Amino acid sequence: MKFLIQKLTYSLLLLWGIALLSSCSSGELFVEKSIRHPKESSKITKVVSIDPQFEVIDQREEAEERYLAAANREDQFNEILKENAKMNEVELQIIDSDNLSSSDLVYFNELMPLRKQIWNANWFQDVAVMGVTYGSNYVPNTGEFRRGLVMDAQFSNLSKAYNTPYFALNGVIASVVKRKGLGTILGKPKSKMLYYFILVNVESSEVLYREVRSLNKPASKLNLHSITYDSFRILRK
Amino acid sequence: MRPKNIFIFSILMILLLADVHAQVSGFRGKRWMLFTDLATPALERGYTIGIGLARSRRHTVTVSFADWGRKTTVASFVRPNVEVPLEYHFQTIEIGLNKFYNKAMPAPRGWYRMLSYRYGKGNFSYTDEISRRDPDTGNSLTGLNTYELTNINRHEINWGYGYFHLFPNRLFVDISLNTNFGWLINGALYEYTSTYDGFIGPNLTILERTVPLDADLSIGLSTKIRLGVLF
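Sequence order for the protein chains is A and B.
Just so we're aligned: 212 in this note's numbering is position 212 of the first sequence, and the numbers increase by one with no gaps anywhere.
Offset between the second sequence (1-based) and this note's numbering: plus 237.
Note that these hints are calculated values from the structure, not bench results.
Be careful, since some hints might not be right.
No more than 30 Å apart at the CA atoms, straight line, and that leaves these computed lysine-lysine pairs for DSS-like [unchecked claim]: (1) B/Lys358 x B/Lys308; (2) A/Lys221 x A/Lys116; (3) B/Lys340 x A/Lys178; (4) B/Lys336 x A/Lys192; (5) B/Lys340 x A/Lys46; (6) B/Lys267 x A/Lys221; (7) A/Lys43 x B/Lys267; (8) B/Lys336 x A/Lys190; (9) A/Lys86 x B/Lys340; (10) B/Lys340 x A/Lys188; (11) B/Lys340 x A/Lys192; (12) B/Lys336 x A/Lys237; (13) B/Lys336 x A/Lys221; (14) B/Lys308 x B/Lys241; (15) A/Lys180 x A/Lys221; (16) B/Lys267 x A/Lys82; (17) A/Lys160 x A/Lys82; (18) A/Lys221 x A/Lys237; (19) A/Lys43 x B/Lys340; (20) B/Lys340 x A/Lys190; (21) A/Lys39 x B/Lys340; (22) A/Lys160 x A/Lys116; (23) A/Lys221 x A/Lys190; (24) A/Lys39 x A/Lys86; (25) B/Lys267 x A/Lys190; (26) A/Lys237 x B/Lys340; (27) A/Lys180 x B/Lys340; (28) B/Lys267 x A/Lys86; (29) A/Lys82 x A/Lys46; (30) A/Lys188 x B/Lys336; (31) B/Lys340 x A/Lys221; (32) A/Lys237 x A/Lys86; (33) B/Lys267 x A/Lys39; (34) A/Lys46 x B/Lys267; (35) B/Lys267 x A/Lys237; (36) A/Lys86 x A/Lys178; (37) B/Lys336 x B/Lys267; (38) A/Lys82 x B/Lys340; (39) A/Lys192 x B/Lys267; (40) A/Lys46 x A/Lys116.
Please read all numbers here as calculations on a predicted model, not as lab measurements.
Could you put together the complete structure from these sequences and hints?
Written as structure tokens, this is what we have:
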């Protein structure tokens with residue numbers, strides 16, 4: 001009996017240790033859909049993504065935060081977005097401000113103001129104070145918002161120009177943090193990542209879908225493939 | 238029902254439960270797993286095969302079948318301070334449920350908690366060389382006593398933690414450490430055979446006290462090192 005109790009104690013101690021380590025790797029996912037989303041999800045076959053953002057913030061430097069050159073990573077992110085959208089039967093057209101063509105001259109006149117509008121709608125029409133959301137008609141625990149976030153109707157003409165009413169903002173903000181204390185033994189820096197995806201319908205001038213994911217993982221190719229595929233999967237269902 | 242039959246039945250149940258229209262993405266649409274456990278051939282002579290499915294964004298279900306055995310030694314019943322060879326052989330079926338910690342990353346990826354039930358059927362056997370003096374002639378005779386315990390039903394509950402690491406594309410390693418609580422069900426068949434008559438063998442109670450895996454209740458640690466393919 002004494003032997004059994006001893007064995008059980010060691011087992012529990014070991015499991016607690018692993019549980020503490022594992023708690024570091026949890027992430028969060030927030031998805032909100034307009035009440036119209038279920039009716040429209042099957043129609044979302046083409047999406048225009050306005051200037052996807054990919055930023056890496058290196059916080060290991062003590063002087064000040066340092067932004068890493070992430071231009072090549074941005075191209076990689078664009079390809080990952082396209083590939084995973086295609087796997088979910090969505091044609092993704094990316095308008096990248098770094099690689100504008102003559103056909104994208106509308107960017108500065110139309111797409112940049114639309115991008116600003118989408119951000120404004122998401123920041124100023126949905127104010128959260130102490131965890132309680134005001135301003136929008138988000139229905140708690142349903143993942144839906146009624147009479148959702150709205151924008152100006154001036155962008156409705158874009159649906160003809162791009163042959164789709166669905167425009168999106170996608171982005172990744174990754175940070176690299178120096179480990180402290182016992183974590184320094186592990187050698188590798190601590191990585192965090194934030195992924196967002198906002199989709200609007202310019203014809204109804206409404207935010208149709210928005211999603212934020214936070215992960216305590218690096219923005220590696222494998223992780224980006226995993227979350228972007230899942231993101232388009234949720235969008236289409 | 239034999240463990241092999243339960244294994245086939247469980248796979249059929251998973252296939253029937255698999256909802257292709259569910260909002261479960263797995264890793265880029267890959268939700269199925271086919272795996273083997275490297276701990277089985279490393280620690281016991283045998284093999285494990287299994288199949289798994291990402292059932293929801295954070296849960297996977299696995300079913301595995303293992304056939305394993307071992308040769309070891311045990312103290313002789315009749316000869317003091319003598320070890321005699323013992324063989325045991327088991328077939329087990331395990332049904333497990335894994336819950337992944339990461340809410341943002343669809344399963345199967347990263348750390349998880351696991352709970353599983355394992356049912357096994359097996360047998361023990363060992364042979365003891367003995368000697369006696371013939372009462373008629375006075376000569377010394379040697380013989381073999383064989384003890385067999387078959388149809389042993391063992392049940393086990395495992396709980397623990399693991400880490401699922403995916404290599405690019407399809408390959409994965411799944412390592413878990415768990416505590417198990419097991420128990421035996423009575424009804425095992427006991428057979429004792431001897432090479433000559435007139436020798437009385439030990440009873441089942443003595444055998445139960447002697448063989449290493451025969452305790453009615455047991456608590457222990459076990460590990461799984463699964464190597465597999467995601468598809």
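Do the hints match the structure? See the list:
1. In summary, the hint linking B/Lys358 to B/Lys308 is supported, as the alpha carbons are separated by about 17 Å, within the 30 Å threshold.
2. This hinted pair checks out: A/Lys221 and A/Lys116 have alpha carbons roughly 28 Å apart, not beyond 30 Å.
3. Restraint check for B/Lys340 and A/Lys178: the C-alpha separation of about 24 Å stays at or below 30 Å, so the hint holds.
4. In summary, the hint linking B/Lys336 to A/Lys192 is supported, as the alpha carbons are separated by about 22 Å, within the 30 Å threshold.
5. At roughly 28 Å between alpha-carbon atoms, B/Lys340 and A/Lys46 fall within 30 Å of each other, so this suggested pair holds.
6. Of the pairs offered as hints, the one joining B/Lys267 and A/Lys221 holds, with about 17 Å between alpha carbons and a cut-off of 30 Å not exceeded.
7. In summary, the hint linking A/Lys43 to B/Lys267 is supported, as the alpha carbons are separated by about 24 Å, within the 30 Å threshold.
8. Pair hint B/Lys336 plus A/Lys190 holds up; C-alpha atoms about 24 Å apart against a cutoff of 30 Å.
9. This hinted pair checks out: A/Lys86 and B/Lys340 have alpha carbons roughly 24 Å apart, not beyond 30 Å.
10. Taking the CA atoms of B/Lys340 and A/Lys188, the gap is about 23 Å. The hint holds against a cut of 30 Å.
11. Of the pairs offered as hints, the one joining B/Lys340 and A/Lys192 holds, with about 14 Å between alpha carbons and a cut-off of 30 Å not exceeded.
12. Distance hint between B/Lys336 and A/Lys237 is fulfilled; the C-alpha atoms sit about 23 Å from each other, no more than 30 Å.
13. Between B/Lys336 and A/Lys221 the alpha-carbon distance is near 24 Å, which keeps this suggested pair within the 30 Å criterion.
14. A C-alpha spacing of about 23 Å is found between B/Lys308 and B/Lys241, which places the hinted pair at or below 30 Å, so the restraint holds.
15. In summary, the hint linking A/Lys180 to A/Lys221 is supported, as the alpha carbons are separated by about 26 Å, within the 30 Å threshold.
16. Among the hinted pairs, B/Lys267 with A/Lys82 is consistent with the structure: their alpha-carbon atoms are about 18 Å apart, no more than 30 Å.
17. Between the alpha carbons of A/Lys160 and A/Lys82 the distance comes to roughly 22 Å, so the proposed pair stays at or under 30 Å and holds.
18. Straight-line distance between C-alpha atoms of A/Lys221 and A/Lys237 comes to about 24 Å, which keeps the hinted pair within the 30 Å bound.
19. For the proposed pair A/Lys43 and B/Lys340, the alpha carbon gap of about 28 Å is at most 30 Å, so the pair holds.
20. About 19 Å separates the Cα atoms of B/Lys340 and A/Lys190, which keeps this hinted pair within 30 Å; it holds.
21. At most 30 Å may separate the alpha-carbon atoms for a hinted pair to count; A/Lys39 and B/Lys340 meet this at roughly 26 Å.
22. Taking the CA atoms of A/Lys160 and A/Lys116, the gap is about 20 Å. The hint holds against a cut of 30 Å.
23. The suggested pairing of A/Lys221 with A/Lys190 holds, with an alpha-carbon distance near 17 Å, which does not exceed 30 Å.
24. Restraint check for A/Lys39 and A/Lys86: the C-alpha separation of about 21 Å stays at or below 30 Å, so the hint holds.
25. Simply put, B/Lys267 and A/Lys190 have alpha-carbon atoms about 28 Å apart, close enough for the 30 Å limit, and the pair holds.
26. A C-alpha spacing of about 18 Å is found between A/Lys237 and B/Lys340, which places the hinted pair at or below 30 Å, so the restraint holds.
27. With a CA separation close to 25 Å, the supplied pair A/Lys180 and B/Lys340 stays within the 30 Å bound.
28. For a cut-off of 30 Å, the pair hint linking B/Lys267 to A/Lys86 stands: about 15 Å separates their Cα positions.
29. Under the criterion of a C-alpha separation no larger than 30 Å, the hint pairing A/Lys82 with A/Lys46 is consistent with the structure, at around 11 Å.
30. Between A/Lys188 and B/Lys336 the CA atoms are separated by roughly 27 Å; this keeps the pair inside 30 Å, and the hint holds.
31. Restraint check for B/Lys340 and A/Lys221: satisfied, since their Cα atoms lie roughly 19 Å apart, inside the 30 Å limit.
32. Between A/Lys237 and A/Lys86 the alpha-carbon distance is near 15 Å, which keeps this suggested pair within the 30 Å criterion.
33. Proposed proximity of B/Lys267 and A/Lys39 is supported: the alpha carbons are some 27 Å apart, at most 30 Å.
34. Distance restraint check for A/Lys46 and B/Lys267: the Cα-Cα separation of roughly 24 Å lies within the 30 Å cut-off, and the hinted pair is therefore satisfied.
35. Between the alpha carbons of B/Lys267 and A/Lys237 the distance comes to roughly 17 Å, so the proposed pair stays at or under 30 Å and holds.
36. Of the supplied pair hints, the one linking A/Lys86 and A/Lys178 is violated, its CA atoms being roughly 37 Å apart against a limit of 30 Å.
37. Taking the CA atoms of B/Lys336 and B/Lys267, the gap is near 17 Å; set against the 30 Å cutoff, the hint holds.
38. A threshold of 30 Å between alpha carbons decides the hint, and for A/Lys82 with B/Lys340 the separation of about 24 Å falls inside it, so the pair holds.
39. Restraint check: the Cα-Cα separation between A/Lys192 and B/Lys267 comes to about 25 Å, which is no more than 30 Å; the hinted pair holds.
40. For a cut-off of 30 Å, the pair hint linking A/Lys46 to A/Lys116 stands: about 21 Å separates their Cα positions.
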